[in-house]
Amino acid sequence: MDNNKKFITGAEVAVQACIDAGAEMMYGYPITPGTEVFTGWIGGGNKYLQTEDEIAAGFSVCGAVMAGQKTFTATAGPGHTLMQDGFSMAEGMRLPFVSIVAQRGGPSSGTVIYSQQEVTLACFGGNGEGMRIVYSPSSLEEVYLQTRLAFNYAWKYRFPSVLLTDGYMLKTRGVVDLDQFKDLENIDSYPLIKEGEVKHWRNIYTFEEELYEELEKQKKDFEKVRDEISEAEEFETTDAEVIVIAHGLVASASKQAIIELRNDNKKIGLWRPITLRPLDDKSLNKVVKGKKKILFIESSMGQCAKLVKDELDPIISIEMEYLYKPAVGIGVDEIKEFINKNI
Amino acid sequence: MISNPAKFCPGCGHPIVLMMLDKVLTDLGLRDKAILGLDIGCSLLAWNYLGLNTFQTHHGRVTPTVVGYKRAKPDSISIGYTGDGGAYAIGIQNLIHAARRDEPVIILVVNNTVYAMTGGQTAPTTLQNQKTTTSPEGVLEVPFFGPELLKNIAHEDAFIARTTVNDPKTCQEYIKKAIETQKAGHFACVEFLSMCPTNWKTKGSDTLNFLENMSTVFKLGEL
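Chains as they are written, first to last, in my numbering: chain E, 1 to 343; chain Y, 1 to 223.
Certain hints may be false.
[Claimed, not checked] Within a straight-line C-alpha distance of at most 25 Å, the following computed DSS-like cross-link-like pairs (lysine-lysine) qualify:
{"no.": "1", "chain 1": "E", "residue 1": "219", "chain 2": "E", "residue 2": "292"}
{"no.": "2", "chain 1": "Y", "residue 1": "23", "chain 2": "E", "residue 2": "199"}
{"no.": "3", "chain 1": "E", "residue 1": "47", "chain 2": "Y", "residue 2": "183"}
{"no.": "4", "chain 1": "E", "residue 1": "5", "chain 2": "E", "residue 2": "182"}
{"no.": "5", "chain 1": "Y", "residue 1": "203", "chain 2": "Y", "residue 2": "131"}
{"no.": "6", "chain 1": "E", "residue 1": "293", "chain 2": "E", "residue 2": "306"}
{"no.": "7", "chain 1": "E", "residue 1": "293", "chain 2": "E", "residue 2": "219"}
{"no.": "8", "chain 1": "Y", "residue 1": "33", "chain 2": "E", "residue 2": "199"}
{"no.": "9", "chain 1": "Y", "residue 1": "23", "chain 2": "Y", "residue 2": "176"}
{"no.": "10", "chain 1": "Y", "residue 1": "33", "chain 2": "Y", "residue 2": "177"}
{"no.": "11", "chain 1": "E", "residue 1": "6", "chain 2": "E", "residue 2": "171"}
{"no.": "12", "chain 1": "Y", "residue 1": "176", "chain 2": "E", "residue 2": "194"}
{"no.": "13", "chain 1": "E", "residue 1": "199", "chain 2": "Y", "residue 2": "183"}
{"no.": "14", "chain 1": "E", "residue 1": "325", "chain 2": "E", "residue 2": "306"}
{"no.": "15", "chain 1": "Y", "residue 1": "151", "chain 2": "Y", "residue 2": "183"}
{"no.": "16", "chain 1": "E", "residue 1": "194", "chain 2": "E", "residue 2": "182"}
{"no.": "17", "chain 1": "E", "residue 1": "194", "chain 2": "Y", "residue 2": "33"}
{"no.": "18", "chain 1": "E", "residue 1": "171", "chain 2": "E", "residue 2": "325"}
{"no.": "19", "chain 1": "E", "residue 1": "220", "chain 2": "E", "residue 2": "293"}
{"no.": "20", "chain 1": "E", "residue 1": "220", "chain 2": "E", "residue 2": "336"}
{"no.": "21", "chain 1": "E", "residue 1": "289", "chain 2": "E", "residue 2": "217"}
{"no.": "22", "chain 1": "Y", "residue 1": "151", "chain 2": "E", "residue 2": "194"}
{"no.": "23", "chain 1": "E", "residue 1": "266", "chain 2": "E", "residue 2": "325"}
{"no.": "24", "chain 1": "Y", "residue 1": "151", "chain 2": "E", "residue 2": "199"}
{"no.": "25", "chain 1": "E", "residue 1": "194", "chain 2": "Y", "residue 2": "131"}
{"no.": "26", "chain 1": "Y", "residue 1": "169", "chain 2": "Y", "residue 2": "151"}
{"no.": "27", "chain 1": "Y", "residue 1": "33", "chain 2": "Y", "residue 2": "169"}
{"no.": "28", "chain 1": "Y", "residue 1": "203", "chain 2": "Y", "residue 2": "177"}
{"no.": "29", "chain 1": "E", "residue 1": "47", "chain 2": "E", "residue 2": "171"}
{"no.": "30", "chain 1": "Y", "residue 1": "7", "chain 2": "E", "residue 2": "199"}
{"no.": "31", "chain 1": "E", "residue 1": "292", "chain 2": "E", "residue 2": "267"}
{"no.": "32", "chain 1": "E", "residue 1": "219", "chain 2": "E", "residue 2": "286"}
{"no.": "33", "chain 1": "E", "residue 1": "47", "chain 2": "Y", "residue 2": "33"}
Since the hints were made in silico from the structure, they are not lab data. These figures come from a predicted structure and were not determined experimentally.
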């Protein structure tokens, strides 16, 4: 094996990415399947605090980033639900809040390892409009890269950012070449509150119009960076008649299914959102235009499909089929069977 | 240095606490180093009252936010400002653990026995038999003694005390001691018995009598 390649777990990859991103501090609370990010970070001798709950972890991150410290947290499932309290404040105050989220089955305590059921929560949790950046990695390399990007965009544009993954991904051990990312630069953190410069950071407004103005500005800022941040993979889409739309690990399995079906000359392609928020609407509409059918495949009852349908051009009228398996993994054979039935 | 007119109701105790805080920070030359985190409730009205750096937080969440700030900037004077509901009901879990870990932050609790911003509902500190909009027949339970609880779990060098807004000299003295405690690396919590004539529905001397009565229930002094 090459020296710069490592045989490590997704959680170890994520921790390495946080270290390389220049993160100085982590606030966390143990919850499966995200605990290994916390213990891995601690094991590396990094600064941390185990808080009394995810609410405290979230708000401590808010406090730390206002002081200019690159700080993050990691959570999952019901902890992710509690984390929305702090996340919502970060959204309202435009704080560079970074969280790694390991999806597990829901609702409630559900199951502890895997699902794709926290998409809506990560993108739109809280009482706001979802001005957040949400990544969905499909490989260990992407866990690394997207964690780095989550920190960078959080500090560049002050939108809270999430690496939305799951326990399968974090517990998977694989060969990762981190050397390919060695030229990736970090965006520096900076204090939002400075000594000698009196500032009042608010999240509550006296008049409706004040908040309306603030939200209009946020929306404008979010749309302005959409092209820079949003990302999608287009795989074998050019001559495809049918497009599979899947994200995260389900997209990896779908890609493998498509590779195998292409050997049988099946005209099938994959569109994979890499960022769930903001979604790469330009790529999406370019890819699905003129196609016969979209096949949505995901480990939820259509949480990603809802995001995608929301961004489809109104003029696009296209047949859709769904393979929704909430809280369970979806393998290559099952995907092939589903595609064959619908092609 | 007051930067904006107070938005508090006439007769409210909040401006007294805030002015005492402002005076102590000015006297100690710590205005630039100070950060004032604000809980939701009437506390939030302090957001632009003093010419200090401030941030608002959610209800009950000022403690962990100030903890995060202080840990990130150890040379700051990090102060959380909250009401009795924020401190002792929705935020008690965070307050207890900050005290137990001896986080070097100051939590100032303004105790007026009610949730005032929402119109005078029962708080953990509502007195026995006191009527509120959520206890129209009067409260049955014994009130919550926050500083006494914290004293049991806090570090021996933590500063835990209770005073009252009609004793501004002691207010200043305790704020000063809380700052010294933070500088020495320890947790501090000061509770201020305070007035809310709007929700108590009291006038003139009745308001002061209510406050005097509070200090017979909630023991004043350092713990």
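Hints, verified against the model:
At roughly 33 Å between alpha-carbon atoms, residue 219 of chain E and residue 292 of chain E are farther apart than 25 Å, so this suggested pair is violated. Restraint check: the Cα-Cα separation between residue 23 of chain Y and residue 199 of chain E comes to about 19 Å, which is no more than 25 Å; the hinted pair holds. A hinted pair counts as satisfied when its Cα atoms are at most 25 Å apart, and residue 47 of chain E with residue 183 of chain Y qualifies at roughly 21 Å. Straight-line distance between C-alpha atoms of residue 5 of chain E and residue 182 of chain E comes to about 13 Å, which keeps the hinted pair within the 25 Å bound.
The suggested pairing of residue 203 of chain Y with residue 131 of chain Y holds, with an alpha-carbon distance near 16 Å, which does not exceed 25 Å. With a C-alpha separation of about 16 Å, the suggested pair residue 293 of chain E and residue 306 of chain E falls inside the 25 Å cut-off, and the hint holds. Restraint check: the Cα-Cα separation between residue 293 of chain E and residue 219 of chain E comes to about 32 Å, which exceeds 25 Å; the hinted pair is violated. As the CA atoms of residue 33 of chain Y and residue 199 of chain E are separated by approximately 13 Å, the hinted pair is consistent with the 25 Å bound.
Distance check on the hinted pair: residue 23 of chain Y and residue 176 of chain Y sit about 10 Å apart at the alpha-carbon level, within 25 Å; holds. At most 25 Å may separate the alpha-carbon atoms for a hinted pair to count; residue 33 of chain Y and residue 177 of chain Y meet this at roughly 16 Å. Annotation: proposed proximity of residue 6 of chain E to residue 171 of chain E holds, straight-line Cα distance about 15 Å (limit 25 Å). Taking the CA atoms of residue 176 of chain Y and residue 194 of chain E, the gap is about 23 Å. The hint holds against a cut of 25 Å.
Only pairs whose Cα atoms come within 25 Å are accepted, and residue 199 of chain E paired with residue 183 of chain Y is accepted, the gap being roughly 23 Å. Straight-line distance between C-alpha atoms of residue 325 of chain E and residue 306 of chain E comes to about 15 Å, which keeps the hinted pair within the 25 Å bound. Distance check on the hinted pair: residue 151 of chain Y and residue 183 of chain Y sit about 19 Å apart at the alpha-carbon level, within 25 Å; holds. For the proposed pair residue 194 of chain E and residue 182 of chain E, the alpha carbon gap of about 32 Å is over 25 Å, so the pair is violated.
At most 25 Å may separate the alpha-carbon atoms for a hinted pair to count; residue 194 of chain E and residue 33 of chain Y meet this at roughly 9 Å. Distance restraint check for residue 171 of chain E and residue 325 of chain E: the Cα-Cα separation of roughly 21 Å lies within the 25 Å cut-off, and the hinted pair is therefore satisfied. For the given pair, residue 220 of chain E sits about 33 Å from residue 293 of chain E by alpha-carbon distance, which is inconsistent with the 25 Å threshold. Taking the CA atoms of residue 220 of chain E and residue 336 of chain E, the gap is near 41 Å; set against the 25 Å cutoff, the hint is violated.
Restraint check: the Cα-Cα separation between residue 289 of chain E and residue 217 of chain E comes to about 32 Å, which exceeds 25 Å; the hinted pair is violated. For the hint pairing residue 151 of chain Y with residue 194 of chain E, the CA-to-CA distance comes to about 33 Å; that exceeds 25 Å, so the pair is violated. With a C-alpha separation of about 24 Å, the suggested pairing of residue 266 of chain E with residue 325 of chain E holds against the 25 Å cut-off. Taking the CA atoms of residue 151 of chain Y and residue 199 of chain E, the gap is near 34 Å; set against the 25 Å cutoff, the hint is violated.
A threshold of 25 Å between alpha carbons decides the hint, and for residue 194 of chain E with residue 131 of chain Y the separation of about 45 Å lies outside it, so the pair is violated. A hinted pair counts as satisfied when its Cα atoms are at most 25 Å apart, and residue 169 of chain Y with residue 151 of chain Y qualifies at roughly 23 Å. Restraint check: the Cα-Cα separation between residue 33 of chain Y and residue 169 of chain Y comes to about 23 Å, which is no more than 25 Å; the hinted pair holds. Straight-line distance between C-alpha atoms of residue 203 of chain Y and residue 177 of chain Y comes to about 33 Å, which puts the hinted pair past the 25 Å bound.
Of the pairs offered as hints, the one joining residue 47 of chain E and residue 171 of chain E holds, with about 23 Å between alpha carbons and a cut-off of 25 Å not exceeded. For the suggested pair residue 7 of chain Y and residue 199 of chain E, the alpha carbons sit about 18 Å apart, so the restraint of at most 25 Å is met. For the given pair, residue 292 of chain E sits about 11 Å from residue 267 of chain E by alpha-carbon distance, which is consistent with the 25 Å threshold. A distance of roughly 24 Å separates the Cα atoms of residue 219 of chain E and residue 286 of chain E; the hinted pair therefore holds under the 25 Å criterion.
In summary, the hint linking residue 47 of chain E to residue 33 of chain Y is supported, as the alpha carbons are separated by about 23 Å, within the 25 Å threshold.
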